[in-house]
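Trainee: Below, each chain spelled out in residue letters.
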Amino acid sequence: MSEVLPQPGLELQPRSLRARLFSAAREPLWAALLAVTASLTFSFFAILATGKDPVAGYGYLVSGALGGPGPIGETAIKGAVLILTGLSVAVAFVVGLFNIGAEGQLIWGALAAAVAGRALDLPAFLQLPCCVLAACLAGGLWGLVPALLKVRRGVHEVISTILLNWIAIHLVHGWLVAGPLAAGSSSSSISVAGTANIRASAFLPRLLTGSRLDLGFPLALAVAAAVWFLLTRTRRGFEWRAVGSGAEAAYASGIPAARRICEAMFLSGALAGLAGGLLVLGTEHKYPGVFRTGYGFDGIAVALIGGGTAAGTAVAGLFFGALRAGATRLQLVGIHPSFAELIQGVAVLLVAAPRLFAPLLAKLRGRPRALAPEALESAKP
Amino acid sequence: MKRYSPLALFFGLALPALLGPGILPGCKTQKAQHTIGLALDVGGRGDQSFNDGALRGLETMAAGVRYTARGYEPVPDAAYQQLELHPPHLALPKPLVLSGKAQEDYEPNLQLLVDQGSELVIAVGFMMEPATRAVAARNPAAKFLLLDSPVLDASGKPVVAPNVRSVVFKEHEGSFLAGALAAELSRTGKIGFVGGMQLPLIRKFEVGYRAGARSVAPHVEVLVAYTGTFDDEKKGVEIGQDLYGRGCDIVFHAAGLDGLGVIKAAQQANQLVIGVDSDQAQVAPKNVLTSMVKHVDAAVYGAAKDLLEGHFTGGDLVLGLKEGGVGLAPLGAGADPGALADVEKLKDAIIAGKILVPATLDELAKFQAPSPATLGLAHAVAASK
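Keeping their order, the protein sequence lines are chains A and B. All letters in the first sequence, in the order written, are residues 8 to 388 by the numbering used here. All letters in the second sequence, in the order written, are residues 5 to 389 by the numbering used here.
None of these hints come from the bench; they were simulated from the model. A couple of the hints might just be wrong.
[What the hints assert, rightly or not] With beta-carbon atoms standing in for the labels, derived distance ranges:
id, chain 1, residue 1, chain 2, residue 2, range
1, A, Phe52, B, Arg70, 28 to 34 Å
2, A, Trp182, B, Gln286, 33 to 39 Å
3, A, Ala232, B, Gln286, 45 to 51 Å
4, A, Gly161, B, Asp320, 57 to 63 Å
[To be verified] Residues of chain A placed beyond 12 Å of chain B at every Cβ, according to the derived structure:
id, residue
5, Pro225
6, Arg240
7, Arg243
8, Ala265
[Unchecked claim] Quick look at which bits of chain B chain A covers, simulated, 3 or more residues with Cβ under 8 Å:
id, region
9, 88–102
10, 107–118
11, 195–209
Quantities reported herein were computed from a predicted structural model and do not represent experimental measurements. The C-beta atom is built at its ideal place from N, Cα and C for all residues, glycine as well.
Construct the entire structure; sequences and hints are all you get.
Mentor: Next comes the structure, spelled out in structure tokens:
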């Protein structure tokens, strides 16, 4: 519990905010678990304070997330998307970049999947893989932009990815999907929003009757396993981590740091793009007129709770997916569905806050500690 | 001890809650008593416009209850009489209302309403069309009301589903009157339109409005802007400020929640604004000239009534001026009785079929404005001289 950092001396040096936020990889899993349980408890009392029945609410939350094939399918759909956007943020952080642009990359991925699913007319066994690849490619290219800006021009990726999100949102929602790619022509007065439907051969196959659980979920898990392997068991992953720990040192030891940053950001974007592709190929079957997900932003929360590791991110993604899927049913007992966001927000706060204040706490305590349970306690609202 | 307290709390309180449906007999997922369920799109409750119109139809008119900060409460008779439409109460229990947080929630939400025992499931908004089609096909015994879109097949052609009633409104006809009124009352010769997303549905408002303005005062310039969203009040403020800044003195909005921002901009600029879907006079009594009312409430009430009386049928309904589906709310500030007389004449001409109001940009390009003189529009002729 009172774990000392592997290199205690390091703690005396000022670490960047970003590094502290994502330092969870070195911390035990229970810190995240504790944050989540504390957050559930907090929300329990918050619901109670609004005069509603939290026991019934949580009951509905669970039944909406896990009670039968239908709810499990919804959890899987949302979980798969959150796992991928979480991995996107986590992968970028490996090379030391904070990718806030998963939302924009997801949007391009979704659009590419919708366009490819409509425009291509390949044999069934090729159609779906091509659409998935198109989603990855589109997201990846959009992710490459901030990486190039960073290594060529020194533009901070937090700024550029935030701005690129807005560029993607306005280009896609405000122009492409409303204009050139819209399904209905200007002579039609029937209101269809979004692009034309993709071909049935591009649908992600559903795996369970009475449920929308589709191939996207096993795919997301497989991708998580592949990312884990890449980051921890390959030379490339090692070099990425070396760049993340110190780009200049890595460069000095012969690693082409700029190139590695671009590679990782391409993968990061591709993962977010794939997340968007899954939504289009799995449930929407077109780029919808209103495509507001927040999945890209929630990916940051997922990666934070998951401690930046592939396994942790997969678990956190599933948990938040279940939370989102179950939240709708809170309305059955008159509880506002935003309470699911409260649970998520408080959990993120509890995970992030102790790290933000870690140097201060360490100073107060007079010994270098990464994260102690007391830190969690004092950060609780 | 202190450090374990969250865990202790968890095991003491949260865990039983999580396991609740399994072990606590009191909160088993039972079939609720609701007979009518309403699924809202991402705009949700509180837009004081389209979604709230559907809610009002169901809650106040049909069920005789109203959602307040304290939950559902019965509506007093006096308040009921003040409603624009006040048909007799129906003997309905409280409605079950679900808002969707994301587009992929529509289908499970509709299914959930069916599973909860709703005999009539109301899908508010054309974006629910694919989900309604899927859920209606899967639950042939349940009945559905789909607002703003017919049921479509995979290639986008309207089809009839036996258990779905769809209601589409001729928003362009109501907007035509709004455009005519605005053009006649404008002192600056510039009026504005703010749309939400650029969709065929919202184009109907824009096109009707422009056609109406052109019919009474061809010299009046109509500035058109779209916010691109339906739930961003800030955008509405910005675009509203822009239009008023460029010299518009009357702006019509069809932008959902964004429209509340347009109304705010009108208040700041001390100019007039035309509301949409519901009568929005109470939002800014001094600035709302009128509202292009879309009687979603009446469509919802009608479906609920038919259900109770046992003659609910599927199929498509199209409600225009003639059917009372759209129209202008009572005039508020700054209204000129002469202009209103002209609006009434235009309304009669549309109902009589003398004016075919365009609904798309293509139709607008071909639209021949009727001569004001033949319709006897005194005010318009004077204005265009």
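Trainee: Measuring from beta carbon to beta carbon, are A:Phe52 and B:Arg70 in 28 to 34 Å?
Mentor: holds, 29 Å
Trainee: Is the listed coverage of the region 88–102 of chain B by chain A valid when you require three or more residues with a beta carbon under 8 Å from a beta carbon of that chain?
Mentor: holds (count 3)
Trainee: Please check whether A:Ala232 and B:Gln286 have a Cβ separation lying inside 45 to 51 Å.
Mentor: With a Cβ separation near 57 Å, A:Ala232 and B:Gln286 fall outside 45 to 51 Å, so the hint is violated.
Trainee: With a C-beta cutoff of 8 Å, work out whether three or more residues of the region 195–209 of chain B approach chain A closely enough for the coverage to hold.
Mentor: holds (count 7)
Trainee: Closest CB-CB distance from A:Pro225 to chain B, is it above 12 Å?
Mentor: holds, 18 Å
Trainee: When you look at the beta carbon of A:Arg243, is every beta carbon of chain B farther off than 12 Å?
Mentor: Holds: least Cβ distance 34 Å, greater than 12 Å.
Trainee: With d taken as the least Cβ-Cβ distance between A:Ala265 and chain B, does d exceed 12 Å?
Mentor: Since the minimum Cβ distance to chain B is about 36 Å, A:Ala265 lies beyond 12 Å and the statement holds.
Trainee: Between A:Trp182 and B:Gln286, does the beta-carbon spacing fit 33 to 39 Å?
Mentor: For B:Gln286 against A:Trp182, whose Cβ atoms are near 36 Å apart, the range 33 to 39 Å holds.
Trainee: Checking the smallest CB distance to chain B, is A:Arg240 really beyond 12 Å?
Mentor: holds, 34 Å
Trainee: Can you tell me whether the CB distance of A:Gly161 to B:Asp320 sits inside 57 to 63 Å?
Mentor: The hinted range 57 to 63 Å holds for A:Gly161 and B:Asp320, with Cβ atoms some 59 Å apart.
Trainee: For the region 107–118 of chain B, count the residues whose Cβ lies under 8 Å from any Cβ of chain A; is that count three or more?
Mentor: n = 8 at 8 Å, threshold three: holds.
This entry does not satisfy hint 3, going by the numbered hints stated previously; all others are met.
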